[in-house]
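Asks: Please model the entire structure based on the sequences and the hints provided.
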Amino acid sequence: MRSSHRTTRPPGARTGTSLVRDSSLVWLAGGIVGVSFGAVSVAGGLPVWVPVVMSLVVYAGSAQFSAVGVLLAGGGPLAAAATGLLLNTRTAAFGLAVADLLGPGRATRLLGAHLVTDETVAFALAQPDPARRRTAFWISGLGLFAAWNTGVLIGALAGTALGDPARYGLDAAFPAVLAALVLPALRADAGVRRAALPGAAVALAVTPAVPAGVPVLLALLGLFAFPGVRR
Amino acid sequence: MNATVVMILALCLGTYAFRLVGPALHGRVEVPARVQELASAGAVVLLVALLATGALTEDGGFAGWARPAGVLVAGVLAWRRAPFAVVVLAAVAVTALLRAAGAG
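So the protein sequences, as listed, match chains A and B. Going by the numbering used here, the first sequence opens with residue 1, and the numbers climb by one from there. Going by the numbering used here, the second sequence opens with residue 232, and the numbers climb by one from there.
By construction, these hints were calculated from the structure, which means they are not laboratory data. Think of the CB as a built atom: it goes at the ideal place given N, C-alpha and C, for glycine as much as any other residue. One thing to keep in mind: the hints can contain errors.
Listed below are several chain A residues computed to face chain B (Cβ distance under 7 Å; list not exhaustive) [what the hints assert, rightly or not]: (1) L28; (2) I32; (3) N149; (4) A173; (5) V192; (6) A219.
Replies: Here you go:
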């Protein structure tokens, strides 16, 4: 997201404002998906504290949905945890990518690690310079954490009264957020493009055949097409 | 401990361990510039794969036409560097309208 007015004006308060403005849409969408997670969990028979505590300590939307899905289908706690963990393996790669944004302090690194999500990493990496990437990580990360957990609490208390978010097209919001954040980088960097496009094709091809979480990991095979990897 | 608590604990500790790998290594181990570059490229590769699978698939199958159509509009707008809010709201609106019109 490098729109022209941001590059022609000096950084500062305006940077923060535009980051908050763009993040707030992600927070809103995250909060609404959180509502549906809380509602789905409670509707499936789990007590209110389960989705609420889980969201605070796990804080990973897709993994939480799948783990609760396995649990409600009678799959057992270890199968549920394994399914969620498989989905979250990618956060290790994301942690490596944003490690230098978290600052030198132990406390900020321990806290920052917990805020590593697809959206926040995409949001941070989309920024043009290190200072802005750091600000974007914390603004997006802290705001999304607050929005997600508030949403889950509301959903768990309100139950299924709120309806299906897919009716409002909200399932398109997260792929669209990723499109807005990564396509400019893809357009600007031919090397990354050569790795990302075959990677996405691999992920799509194997999706019907392998457990959730594995397709995006196999997309990393695309890195073999990254300039300089194959000698 | 009941089964649900075991599940939450395992998922919480495992996820945090994954997330902590990068930040814990940072500053302790000299990460070569080449590795850092690959980690950044890898993150974009993962995000593009998430974008593709998130736009097109649901539970291992096709997600129906409404969502991919919305995301396609978002993709075109993002490629043309439309403002963030325009990209996201266009996707949601197109998908919702297509669903209201009866598309999957």
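Asks: Quick one, is the A/L28 hint okay against chain B at 7 Å, beta carbons?
Replies: violated, 9 Å
Asks: Per the CB criterion, is A/V192 less than 7 Å away from chain B?
Replies: holds, 5 Å
Asks: Return the status of the interface hint for A/A173: holds when the least beta-carbon distance to chain B is below 7 Å, violated otherwise.
Replies: OK, holds: A/A173 within 7 Å of chain B, min 5 Å.
Asks: Hey, does the A/I32 contact hint survive, CB to chain B under 7 Å?
Replies: Violated. Min distance 10 Å.
Asks: With a cut-off of 7 Å, does the beta carbon of A/A219 approach a beta carbon of chain B closely enough for the hint to hold?
Replies: holds, 3 Å
Asks: Against chain B, is A/N149 within 7 Å by beta-carbon distance?
Replies: Violated. Min distance 14 Å.
Hint compliance for this structure: hints 1, 2, 3 are not met, and every other hint is.
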